[in-house]
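**Q** Protein sequence lines, in the order shown, are assigned to chains A and B.
For the first sequence, the working numbering begins at 1 and goes up steadily by one.
For the second sequence, the working numbering begins at 1 and goes up steadily by one.
Honestly, I wouldn't trust all of these hints.
[Claimed, not checked] DEER-style ranges, computed between Cβ atoms: (1) A:A105 to B:G309: 32 to 42 angstroms; (2) B:D277 to A:T95: 17 to 27 angstroms; (3) B:H69 to A:A105: 51 to 61 angstroms; (4) A:S72 to B:P167: 37 to 47 angstroms; (5) B:A128 to A:H87: 51 to 61 angstroms; (6) B:T311 to A:P85: 36 to 46 angstroms.
Simulated from the structure, these hints should not be mistaken for lab results.
All values derive from a computational prediction rather than experimental measurement.
Ideal placement from N, C-alpha and C gives every residue a C-beta, glycine not left out.
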Amino acid sequence: MSDGGRRHRVAHANEVAEPGDRVIVDVEGQEVAVFNVDGDLHALPNFCPHQAAPLCEGDLTGRMVVGEDGWSWEYVQRGEVVTCPWHGWKFDVTTGENVKDDAVAVPHYEVERDGGDVVVLR
Amino acid sequence: MTQHAAGRARTLDSVDVVVDTDAHVTESVDQLLEYMDPADEGLRRIVEDAAHPEHDIYSVAHPTPPFIHTDAFGDVYGDHPTGTVEAKRSEMDEFDLDYSVLNPTLGLALATVNNDRAAVALAKAYNAWILDQFVDDGRGDILTPVLVPPQAPDKAAEIVDERADEPGVVGVQIPSTGLVPPPGHRWYDPLYEAAEENDLPVMFHSGSGATADIFPVLRKWAETYAEDHAMVHPFTAMWNLTSMLFQAVPERFPDLEFVFQEAGVGWIPYTKWRLDDHYLELSDEVPGLEQLPSKYVDERFHFSTQPLGYTGDHPEQMAKMIELVGPETLMYSSDLPHPDFDPPEELYDRVRGHLDDEAVRGIMGETAADVFDLS
Numbered sequence: 001m002s003d004g005g006r007r008h009r010v011a012h013a014n015e016v017a018e019p020g021d022r023v024i025v026d027v028e029g030q031e032v033a034v035f036n037v038d039g040d041l042h043a044l045p046n047f048c049p050h051q052a053a054p055l056c057e058g059d060l061t062g063r064m065v066v067g068e069d070g071w072s073w074e075y076v077q078r079g080e081v082v083t084c085p086w087h088g089w090k091f092d093v094t095t096g097e098n099v100k101d102d103a104v105a106v107p108h109y110e111v112e113r114d115g116g117d118v119v120v121l122r
Numbered sequence: 001m002t003q004h005a006a007g008r009a010r011t012l013d014s015v016d017v018v019v020d021t022d023a024h025v026t027e028s029v030d031q032l033l034e035y036m037d038p039a040d041e042g043l044r045r046i047v048e049d050a051a052h053p054e055h056d057i058y059s060v061a062h063p064t065p066p067f068i069h070t071d072a073f074g075d076v077y078g079d080h081p082t083g084t085v086e087a088k089r090s091e092m093d094e095f096d097l098d099y100s101v102l103n104p105t106l107g108l109a110l111a112t113v114n115n116d117r118a119a120v121a122l123a124k125a126y127n128a129w130i131l132d133q134f135v136d137d138g139r140g141d142i143l144t145p146v147l148v149p150p151q152a153p154d155k156a157a158e159i160v161d162e163r164a165d166e167p168g169v170v171g172v173q174i175p176s177t178g179l180v181p182p183p184g185h186r187w188y189d190p191l192y193e194a195a196e197e198n199d200l201p202v203m204f205h206s207g208s209g210a211t212a213d214i215f216p217v218l219r220k221w222a223e224t225y226a227e228d229h230a231m232v233h234p235f236t237a238m239w240n241l242t243s244m245l246f247q248a249v250p251e252r253f254p255d256l257e258f259v260f261q262e263a264g265v266g267w268i269p270y271t272k273w274r275l276d277d278h279y280l281e282l283s284d285e286v287p288g289l290e291q292l293p294s295k296y297v298d299e300r301f302h303f304s305t306q307p308l309g310y311t312g313d314h315p316e317q318m319a320k321m322i323e324l325v326g327p328e329t330l331m332y333s334s335d336l337p338h339p340d341f342d343p344p345e346e347l348y349d350r351v352r353g354h355l356d357d358e359a360v361r362g363i364m365g366e367t368a369a370d371v372f373d374l375s
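If we strip away everything but chain B, and leave its shape as in the complex, we get:
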């Protein structure tokens, strides 16, 4: 473990290591094009030809522009261009984060790419870019999952096999909004098999850029970004967790671990109770599960904590909720540089004094160090 930086006095006085388990980069299509495999030249030409690749290659659309109070996915702080390792390191310094596990921004909409070959080429380009630009400096404090195209599970499995052993690769990111079919379907079995064989957790990060056409939130019927964004993350997570559990993914892949991202924490107890209820009540439709759905969640699922939400005059309710979820399943995340980020203190200040020190250290970093095998 690295010792935290000496410059800023850490206010998390009982914590040795802070891991940001959902640290974003803001990649551009141009950056990806630079890293596209020469073998994908045909696809590169098509992507280059798009005047608006976010819409004519990806199908990103929002009801109204994202986070209109700020340059949401560009330069949040004004000092550094994002999409660079320097920007990420300045965020890590400012918020005193020891490790960052990166996720894409545009890549969260990878499921919206209609052309499977383009989706595969873009995912491969992203992985080449993120490893070269952020991870491969030998410092070991910036890590990344392999980004995979859910449209092509067979190709995704090849990407996992190809990248799994590279230093700094700690998981497999399946951009999780707009998955058709949903992630419990056997369509994804080759991908889960590859992740399991390579001993990497599968990570599911939702995204409001992927709601144009597909459940769980149809952009056409949300009149504002606020409506769309408020519900896309929890709805995605609830639907995906339901699909994966009731289609018995944890039974079919007994060594696989799962990480759900960007839905906060409050939805978890409700969903566990509801799935347990349906497991017992409609049991003839869930023959593949051998125990309560909540037990699989407690044993092999983890959740990154951002966005925690605003508890108004009752900050203690957050600690109670985390106790209800099970602190050992939670991992701190910032979401930086996105403008709905949670600094570490937002979580730490809610739980210290309410949970014991070991649980607090676990949430802030030690559980993530274990899940992502950081050392």
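Bound conformation, chain A alone:
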């Protein structure tokens, strides 16, 4: 997870105003996606470490877990998980980690709202 870096004004805040919104921008030649998850902004590179797919063009989904009763299957983290459009690998947008193997991850960049602008720290 990145804790800072250079500030890049990449979008207007109204482009990612609502939960579920996303915008894909260019940051020094790298495609980066900014997501609105429950009102908070998160940024990930638009790149899947599996086979170099445009990860952040995939659906914003949840993930399946076994319920506390050991029997039910529950769908959790709705709107927090981006599913790669090529092979379905799922990454937690709020951390960059693959939801099934935390040894696999993409960088997670901090995002700030600065007036009407969206600023990615990378």
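For this one, chain A is given, so just place chain B on it according to the hints.
**A** For chain B alone, kept in the frame of chain A given last:
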């Protein structure tokens, strides 16, 4: 540990202990009938009444006769009748095996027994026979899993509880070809629970006698025994491993250990890669697993090595494959007296010089000593 016999010069010069983790006996129905529990008299009468119990009690069938070049499941060497401890000991002497972990032959087709009560009675009879005839002589070098009927997991759990503490009992054998439902199903939970509570590994040995009706190889569509036999073992293992991992058996039974038998080694890396791939790609269908399937395999699954297969002019490829599998997951097995057996040198000669001595000692016996708690 026993010291190896002084008679035959051991060619495995860097190895102190050799454990044969898949040493067969060739039991007959008549031998089992002698050991059937008096409480099972009704079933005994039915089995006795069968002119061909291998077909009318069990449903063993092959496309063509097994191993037509030899008396496959009878007297392979000509000197001793098999199905006796003397025959097993002569094999151990000839091939310089310090320990043998026994498995059945006909019993590998236990899943084909249609009548659940007969399957339970036959499994109990086998356990009584194998313990009395092979294990109970106090020497401690011949060991056995408890054979259990997969048709009746509740009764199987009782059998495990009853036999687990007997000297020489080192595991639970679930004959693994033709399992319906497959072994990841919660149907088997009582059996896994019993094995886990008794601190015994569950062992899965495939068998070509069990392919008459059920996946993974349907005998009707194999025209020869060669076709059937070549694929039944790896197909069984791949299907069973897939079922158990994706249905999260290792998560549901966190202290249970697993042994897969008679599929060789080459299928393991491919299957691990494929299951890891599906775990990540279809993750919403595998919520019960908390880590890559291959990690469970590396941590808690072991594989007996026979049949290694023939590598032609490239014996070094076997060592590379074993390196790829992970030497610490593998345990030498002979399959004796079956006619596709591997003597210890078949494995040892491939890996010595390629793997370090510790890894070689592990594969040949020390890992098995740990898994089966031999001392």
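**Q** Any hints this thing doesn't respect? Which numbers, in order?
**A** none
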